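Take a look at the letters that make up each chain.
Number of protein chains: 2
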Amino acid sequence: MDDNAAQSGGGRRTRGEGRGAAARRASRSGGGAGPSMPYIRRKIGVYEVLDEEGLSIIERNADTVLEEVGIEFRDDAEALDMWKQAGADVKGQRVHFPKGLCRELLKTAPSEFTWHARNPERSVHIGGNATVFAPVYGPPFVRDLDGTRRYATIEDFRNFVKLAYMAPSIHSSGGTVCEPVDIPVNKRHLDMVYSHIKYSDKPFMGSVTAPERAEDSVAMAKLVFGEEFVENNCVMLNLINANSPMVFDETMLGAAKVYARHNQASVLSPFILSGAMSPVTVAGTLTQILAEVLAGAAFTQLVRPGAPVLFGTFAASISMQSGAPTFGTPEPSLVSYGAAQLARRLGLPFRTGGSLCASKIPDAQAAHESANTLNTTLLAGTNFVLHAAGWLEGGLVSSYEKFMIDQDQLGMMQKMAMGVDLTEDGQAMDAIREVGPGSHYLGCAHTQANFQTAFYRSALADNNSFEQWEIEGSKRIEERANALCRNWLDNYEAPPLDPTIDEALLAFIAQRKDSMPDAFT
Amino acid sequence: MDDNAAQSGGGRRTRGEGRGAAARRASRSGGGAGPSMPYIRRKIGVYEVLDEEGLSIIERNADTVLEEVGIEFRDDAEALDMWKQAGADVKGQRVHFPKGLCRELLKTAPSEFTWHARNPERSVHIGGNATVFAPVYGPPFVRDLDGTRRYATIEDFRNFVKLAYMAPSIHSSGGTVCEPVDIPVNKRHLDMVYSHIKYSDKPFMGSVTAPERAEDSVAMAKLVFGEEFVENNCVMLNLINANSPMVFDETMLGAAKVYARHNQASVLSPFILSGAMSPVTVAGTLTQILAEVLAGAAFTQLVRPGAPVLFGTFAASISMQSGAPTFGTPEPSLVSYGAAQLARRLGLPFRTGGSLCASKIPDAQAAHESANTLNTTLLAGTNFVLHAAGWLEGGLVSSYEKFMIDQDQLGMMQKMAMGVDLTEDGQAMDAIREVGPGSHYLGCAHTQANFQTAFYRSALADNNSFEQWEIEGSKRIEERANALCRNWLDNYEAPPLDPTIDEALLAFIAQRKDSMPDAFT
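Protein chains in written order, with full-length UniProt numbering: chain W, 1 to 521; chain A, 1 to 521.
It cannot be assumed that every hint is accurate.
Stated by the list, open to error - Residues of chain A placed beyond 12 Å of chain W at every Cβ, according to the derived structure: (1) D182; (2) E231; (3) T251; (4) R261; (5) N263; (6) S317; (7) D498.
To be verified - The calculated lysine-lysine pairs, modelled on DSBU-like cross-linking and capped at a C-alpha distance of 35 Å, are: (8) K43/W - K43/A; (9) K222/A - K187/A; (10) K84/A - K198/A; (11) K107/A - K91/A; (12) K222/W - K107/W; (13) K84/A - K43/A; (14) K43/W - K222/A; (15) K84/A - K107/A; (16) K99/W - K84/W; (17) K513/A - K222/A; (18) K99/W - K43/A; (19) K475/W - K475/A.
The hints are simulated quantities; they were obtained by calculation from the structure and are not laboratory data. Remember, it's a predicted structure, so these values are computed and weren't measured experimentally. Where is the CB? At the ideal position from N, CA and C, for every residue including glycine.
Sequences are here, hints too, so could you generate the full structure?
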């Protein structure tokens, strides 16, 4: 777990280039976006909503679910055979777990690990007091800078990777930042993984939509990091959703097996819309989440003991009037806080939250829902935050403007996580003595010495007078976000990539694309 | 402190009407706004950012400020004489406090008390695990339902009182919900207090802009509650700002003296824009806030031992580029969390937060800033939340649309504060057993039994599909808020007021208005 070395730029990850150049690039990265910030090491505590008794009730209930109800593994016989050999009671595809089996298996899972980037300066720590932000994952649509809602393309994909690369408080370029639907579905994972490698040097996620696509992701990672390095280190996080309630399907299990075998991390995430995929109550939802994570995460340890795995939770509810998903409401926040506690007790890194919303546009609804989710995410002590920027319309849309607004908020969370400075300078007694009653602090020595770093500076908030704001066109924040986004994309500079690696990647992609016909479903 | 009796409708507060009628009205209150909710009794814990060592450092530093730097009391000789007699070291208007003096004086201040409404069903508890929401306070402008930004009028004032009365999760109709600038400055307090009594039966705040206006507020309260009741119970909270740094001015001291003498509560609030009125650091700001509150709150106990007083904190920063106030940023959140801890250690109820923002319109900037402030407010364990709804443009504007959006968010906070239900029904094991793997919970018995109360229902969030939203006009949330606001105002029904009380109030106002010439500055 040499995260300190990774943090300080030690090691050499990208074949063919030395660390000096990488370090210099890191320090000037981001074009007009400002200096990049390392992942968060939280100095503030976590907020908890369950006491020992509550946690025990949920843990006991989850054990009961695992034993009595069981979890379905809709795989070929392999997964079921593995469970039989491990001592589970397998009936058809339903696996019943003797009490304690999953927890016992999970003892080999690391509680913390390093997620390596091709630029070692960008490697991040997963677990403990670390928090890592990654962009939205999955939308088939975008809302573009001309205000049009349309299907996403590979150009949009590249743009969001570039933006995530430039955003100072985003620490990973993510995974499926949008679905490039202009590329055949059986080939697009190649372009997606390539885009992450080519246009960013932050850590990225692998493809999970089929086992062979997971294998392709691993193969491409090996071209970048080297074969041996990949087999011994985590270079990809991979989103493995449970098909809640209480099912893992063949696709997800197939991908999980590939990644675990290659020592890559699974983000084992029940995807929960409470009321539809879980009970309408917080405690019932937490029970089901824990049962699903215990079974799914333990499975990764059956595949390869020691493979990294995260306790994931995607928490939302449905409207009981319309059945539509809702976000940023109190119940999913309670679920996230509770799930984080359960993950800590299990000793697994935790994923939840982001900037989730149901709104169709980046208006105050989107912002309230996103802010409620994001504040919860930070204070819960979340280690990996998917969907931290760009999510709109229940995850159907990647929005450029929302991405910019969200990344600004992520900067605020990053500052918040630093907590209260209690050094002598932080105490500021000299300032209070110098200024005294009835004066002001604007020009005092302490203010002069600290004003540049004192407060988080938003590039998007308008704090001017009404009159000044009016003179400047009475703009909404999304108009300023639009302009800033165009500015960033105009100023984007790609991080260097060794041409021999680039050629090897392109050759691999060409060979793989030639090997199969296009498929669009 | 018979808050339980108040909560359950015990006692008889409004002269001339019985409690049965009041109870019936309370249950159907709010017109189209849904049933009114009682003030919050938090079942969730508080979030804290300072450990014991950090708290001790700040407390020690505040003691040093009080002793060495001192606080100015810019009053006639009375306040300074009181401090001399209490053992302080008074030099001119500067008061230096021997260590421990303020804390000793504060031992007589109640840690919790009831704030009585004229309808006993609406009385609220201040302190402990109670949280009370009140609307925006102070703006001279409104942004009206036609989208115009203009000076506020008494009609606007009445409207905001009506909306606060109707809003289910607002527990007080507040104080200066906007400045009715169409009424002479020396008379408008009479119309403001009357509006609170006439158009709402929730607890309200008194005037603090001059000692005689405070006296008028007390006199009007006595016409409603009876003379003896007022002298023995709190019927008004009153906002007493420190003139930071480290000054209390004559106006505020004058009002504080009036209210304390009549046993009414002071919300003793340093009004802090960090970087201008306090140091640029969180710890330095907390030190100054604690020193100011200790001096100001102790002063109320010199006036009348036992008079209720709150530890207030208005936390914001300034932009170090432009000097403009900023809101919803991380540093004021840390200040609020820390100040809440200091208040608990001092045994005083705590006021901070709200839905603060700098944005000129209810866009995503306004929402992010407000949500960051409001989430902090709730988790800090704040007892009295001024500016909980309607605040726009740094407090210069009361916005109808923002009020509606905010009050919806207050409902979410209220639900959040209920925490996790761990009853057998909450655990939902029957539901998990009934549904099992691969099915859904939409129709199961547990969902059927709980769906009506399971999740917070927003009246403003649009969770529909994109297509449905488009059919309905592609509306932003503020358009829906506008329509809902018009609906509420159309459906407003005044709570009954005993005609003899009403006549007495009107006669008092007429007599007072006749006694002085109009003044507009």
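Could you let me know if the closest chain W CB is still more than 12 Å away from the CB of R261/A?
-> R261/A is indeed farther than 12 Å from all Cβ atoms of chain W, at 26 Å.
Is the Cβ of D182/A more than 12 Å away from each Cβ in chain W?
-> 20 Å, holds
Can we confirm that no CB of chain W comes within 12 Å of the CB of S317/A?
-> 5 Å, violated
For the pair we were handed, K107/A and K91/A, check the Cα-Cα distance against 35 Å.
-> 26 Å, holds
Given the hint that K84/A pairs with K198/A, does the C-alpha gap stay at or below 35 Å?
-> 43 Å, violated
Starting from K84/A, check that the Cα of K43/A is at most 35 Å away, please.
-> 44 Å, violated
Straight-line Cα separation of K99/W and K84/W no greater than 35 Å?
-> Holds. K99/W to K84/W sits at ~15 Å (cutoff 35 Å).
D498/A non-interfacial with respect to chain W [C-beta, more than 12 Å] = 39 Å, holds
Holds or violated: K99/W to K43/A, with C-alpha atoms at most 35 Å apart = 32 Å, holds
Just double-check T251/A for me: nearest Cβ-Cβ distance to chain W has to come out over 12 Å.
-> T251/A is indeed farther than 12 Å from all Cβ atoms of chain W, at 15 Å.
35 Å Cα cutoff - pair K222/W, K107/W = 28 Å, holds
Within 35 Å, alpha carbon to alpha carbon, are K84/A and K107/A?
-> Given that 35 Å is the threshold and the Cα spacing comes to 19 Å, the pair holds.
Violation of the numbered hints given earlier is confined to hints 6, 10, 13 and 14; the remaining hints are satisfied by the structure.
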